[in-house]
Amino acid sequence: MTDPVRASSLVPADLAPVWLRLLMLIAGRLPSSPVVEGFSPRCVVASPTTRHLPAVLAASAALPPSRNWVSPIAAETRVATVLSKKFADVPVTQGLGTRLNLGGTQLDPASLHMPPAAVLPAEWDSERGQRPVPHEAVEMLKSTFAVPRGERPPVGEWLYQQMCLEPIVVLTQRPARVAQDAFELASRSEWWNWSQRVALDEVCEGPDMWFRRPIIVLSPQMLHSMAWVREVPVRLVVVVGFSTWMSTARRLLMDTPQVLMLSQRSSDVSDFRQWFDNTSFGEGSIPGIRNTKKGGLTLTAFGEPATMHADIEDEEWDL
Amino acid sequence: MSTPNLEMTVALLDTCSRARVATRRIRWESMALVLQILRKSFRETPEAPLSEREVEIARHAWKWASVCMDGPVPPGHPSTGIARLLLLIREADEVLGLPKLRRLHETLTQVASGSHPGAEVVIGALGRLQETTEFLQSQFPDVLVLRGDGLVAVTEWRDSLNLPADVVSMSFARQTQPWPGSALIFGPPERYTSSNWIQGPEAAATAGWLLTAPPAPTVQVISWTGHRPLVKDGYQPWLGAPNPEFQSTEPELIIEDDFLPESVDSFTPVAALRFAVEGDETEPAFGLQFKADGETVLAYFSHDVGPKPTIVTFSEDEVLVTPVPLRTVRVGNCILLRTSSAGKDALDEVTREWFREQRSGSTPDSAIGHQQQLKNAIRAFIAEHSRVDLVTAMEAEGVSRDYSRSFMVRALHPDFIAPQMESVYDRICRAIALKPSKEAFRQLKNLRTGRRQAGLLLSARVVGRLETMNDLPDRLRDNGAIMLNETGVEGVVLLVVRAISSDSTEVPAWRLGHALMSDGHTWTP
Chain A
1 MTDPVRASSL VPADLAPVWL RLLMLIAGRL PSSPVVEGFS PRCVVASPTT
51 RHLPAVLAAS AALPPSRNWV SPIAAETRVA TVLSKKFADV PVTQGLGTRL
101 NLGGTQLDPA SLHMPPAAVL PAEWDSERGQ RPVPHEAVEM LKSTFAVPRG
151 ERPPVGEWLY QQMCLEPIVV LTQRPARVAQ DAFELASRSE WWNWSQRVAL
201 DEVCEGPDMW FRRPIIVLSP QMLHSMAWVR EVPVRLVVVV GFSTWMSTAR
251 RLLMDTPQVL MLSQRSSDVS DFRQWFDNTS FGEGSIPGIR NTKKGGLTLT
301 AFGEPATMHA DIEDEEWDL
Chain B
1 MSTPNLEMTV ALLDTCSRAR VATRRIRWES MALVLQILRK SFRETPEAPL
51 SEREVEIARH AWKWASVCMD GPVPPGHPST GIARLLLLIR EADEVLGLPK
101 LRRLHETLTQ VASGSHPGAE VVIGALGRLQ ETTEFLQSQF PDVLVLRGDG
151 LVAVTEWRDS LNLPADVVSM SFARQTQPWP GSALIFGPPE RYTSSNWIQG
201 PEAAATAGWL LTAPPAPTVQ VISWTGHRPL VKDGYQPWLG APNPEFQSTE
251 PELIIEDDFL PESVDSFTPV AALRFAVEGD ETEPAFGLQF KADGETVLAY
301 FSHDVGPKPT IVTFSEDEVL VTPVPLRTVR VGNCILLRTS SAGKDALDEV
351 TREWFREQRS GSTPDSAIGH QQQLKNAIRA FIAEHSRVDL VTAMEAEGVS
401 RDYSRSFMVR ALHPDFIAPQ MESVYDRICR AIALKPSKEA FRQLKNLRTG
451 RRQAGLLLSA RVVGRLETMN DLPDRLRDNG AIMLNETGVE GVVLLVVRAI
501 SSDSTEVPAW RLGHALMSDG HTWTP
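Protein chains in written order, with the numbering used here: chain A, 1 to 319; chain B, 1 to 525.
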């Protein structure tokens, strides 16, 4: 599903500050960054604060939608999709003839463009009702995607749904703060391109909005409660703080590209240094960001052995 | 439109991007004499033991010198403890009549009656800065950042001269909007964070932000006799990260004997406890050792079972409370423990509230019944067969060997609810001849969700309280232990790890994560 061309095709807004451009560079390139086999791409962003920056990075990593997509909707599955302009989790059964029955709605794959969707994993345990798609984000997408002559205008809700199928996870002990930061950032419209603005709209905490938002903000405890998390695609994990980095929750997504947001003013910098300076890592290769300081950010990339994770046991004690 | 939080982030990044560091070291001859006397005549060795009075004098003298290192502190200021120190020396001299006491008294009197050499440098620096920086009404352009020991004296000194600069502790500077002009730092950054448990490179890394993500775009490190020199490659967030740009105005005048000693107290790790074996439900665990009010406190944690150590970290304006694997805990980390049953009671109560609000007024009782039923069935199976048979039976149902081996001890821990995945739950039920039920699993899942939500709520309550205590990092640095007794956070204690046992000891599972005294009894502060 990952399409690096889609992600890197967007340019920063003219007034985007230097630090934002750097975070865009990481967000665009880390997921496709080449590393030695057996290592997963990692990046460290050290800064004087971890407020706002995780949300910026996550918004910059959101995959912009495309006019063309392949829908995975097939009979005998259960999917998260958009029906009647609302998010819906529905079972798919064989309908009449070649039609498919999506929770009571008959669609013909042969004659219709099927809505974007994700097949819900076997251990999916959430009973979610239908929910509206964020209105402002939809309007922004509709205005961005010009209508070629003779074609029907794209369904804005479908464009938005595409952005949610491979979400960016922000892992933090303070999910509410990241959501609040995203809200504040959205007010600086001159900093963002259209994809970032859409991603920053209505950022939510918790797993309930999986496949319904481009950015999912979780605490380690929330991540542990998601028995299905290894069965779904995740584009990037943004980990806020070294103590969260060392929590077992991060290891559930060891194969996914990860960025550590490290506050230089935090009391755990020496713990990070002890871990980082004394561990043998593979070299990361995003041009221009190894041991770089620019715009107030200090950056480096490396490869972490993907084999460092063992099977994660049931976690009952992270209260 | 921008918001105050976002403005702060932008200001911090802007300040950091323009950071440059200038250093200046000055000689303080009379202080050098004091330090020399203390080193040569008041250092206890096996060959030359000191009397109690001499030890007391040395302790007070080092403390006084340490306050004088914290900025342009008038050395005779009452807050330095000079009066008490001189009295102690006079009293000791009357009894002991030692020449070194008279020499120390004389030298100290000379220092205390003079001014601090750093004062002139600071006044000069601020004068120059005033010509080049804008003056903001809400905040002085420049700031003097102190460790904290000299805060009262330096503030008074600043007021007496009407100097246009703020005087703040490092903790305050960390939480505050950056200053537009210059930050004056006294001595190397590690002086600000060193404690009885964190020194040298670790202290340097923790305080490195004073240079690399500083409180103002220009940092002036002013140091004098008694301060250690800056260390190379010690302040970046990792080795190899770019160093700040240093500019030195004068050659370094450093004499090895000039430095104050890094303080080390007399903490001695105690031997691992031996617990009475209660049934077979013990687990190999490692002891974390702390010190509170002069008493050694222990807490045992296992790599696999029971609660994880909960680390408390302090960032620019927030406190983070994170359970982490035992293997990541290091000496100097701050751990949060609950010392009474209040924590458990609160968890149960909030879980009940969650069920009432989120599960249509139901209670967790039925789910707790299923939780106990699972434990009882495991116990019954082991009693009838054996532990090995349990592993074999689980494997036969398709559960992995590693999971099966670790499951038994974990499942019998009081806090364990049930396997997270229904497929695993079903297999285990079949292995122990317990009828698997979809409804039971649903209730167990609800119980886990309720407990997690309750745990998060209680953590948020503790964090909320901790974030109102602005001087918390300083108090932990100086004392190593803080106890909370306010409603909602009663029984919560923060303890700095002083030692970690290298060998494991068998600990009853239910005692894991509890605060204990060195005689094995529960610690109640």
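Any given hint might turn out to be false.
Subject to a maximum C-alpha distance of 27 Å in a straight line, what follows is the list of computed DSSO-like cross-link-like pairs (lysine-lysine) [claimed, not checked]:
{"id": "1", "chain 1": "B", "residue 1": "Lys232", "chain 2": "A", "residue 2": "Lys293"}
{"id": "2", "chain 1": "A", "residue 1": "Lys294", "chain 2": "B", "residue 2": "Lys232"}
{"id": "3", "chain 1": "B", "residue 1": "Lys445", "chain 2": "B", "residue 2": "Lys375"}
{"id": "4", "chain 1": "B", "residue 1": "Lys344", "chain 2": "B", "residue 2": "Lys232"}
{"id": "5", "chain 1": "B", "residue 1": "Lys445", "chain 2": "B", "residue 2": "Lys435"}
{"id": "6", "chain 1": "B", "residue 1": "Lys435", "chain 2": "B", "residue 2": "Lys344"}
Hints are computed from structural coordinates only; laboratory data are not their basis.
Exercise. CA of B/Lys232 to CA of A/Lys293, is that 27 Å or under?
Worked result: 18 Å, holds
Problem set entry | Satisfaction of hint between B/Lys435 and B/Lys445, Cα-Cα up to 27 Å | 17 Å, holds
For this session: Please work out if B/Lys445 and B/Lys375 have their alpha carbons no farther apart than 27 Å.
Result: Holds, because 16 Å separates the two Cα atoms, which is no more than 27 Å.
Exercise. Are B/Lys344 and B/Lys232 close enough, with their CA atoms no more than 27 Å apart?
Worked result: Status violated; Cα separation ~48 Å.
Problem set entry | B/Lys435 paired with B/Lys344 [C-alpha distance capped at 27 Å] | 30 Å, violated
For this session: For the pair we were handed, A/Lys294 and B/Lys232, check the Cα-Cα distance against 27 Å.
Result: The hint holds at about 21 Å.
When held up to the earlier numbered hints, the structure conflicts with 4, 6 and fits the remainder.
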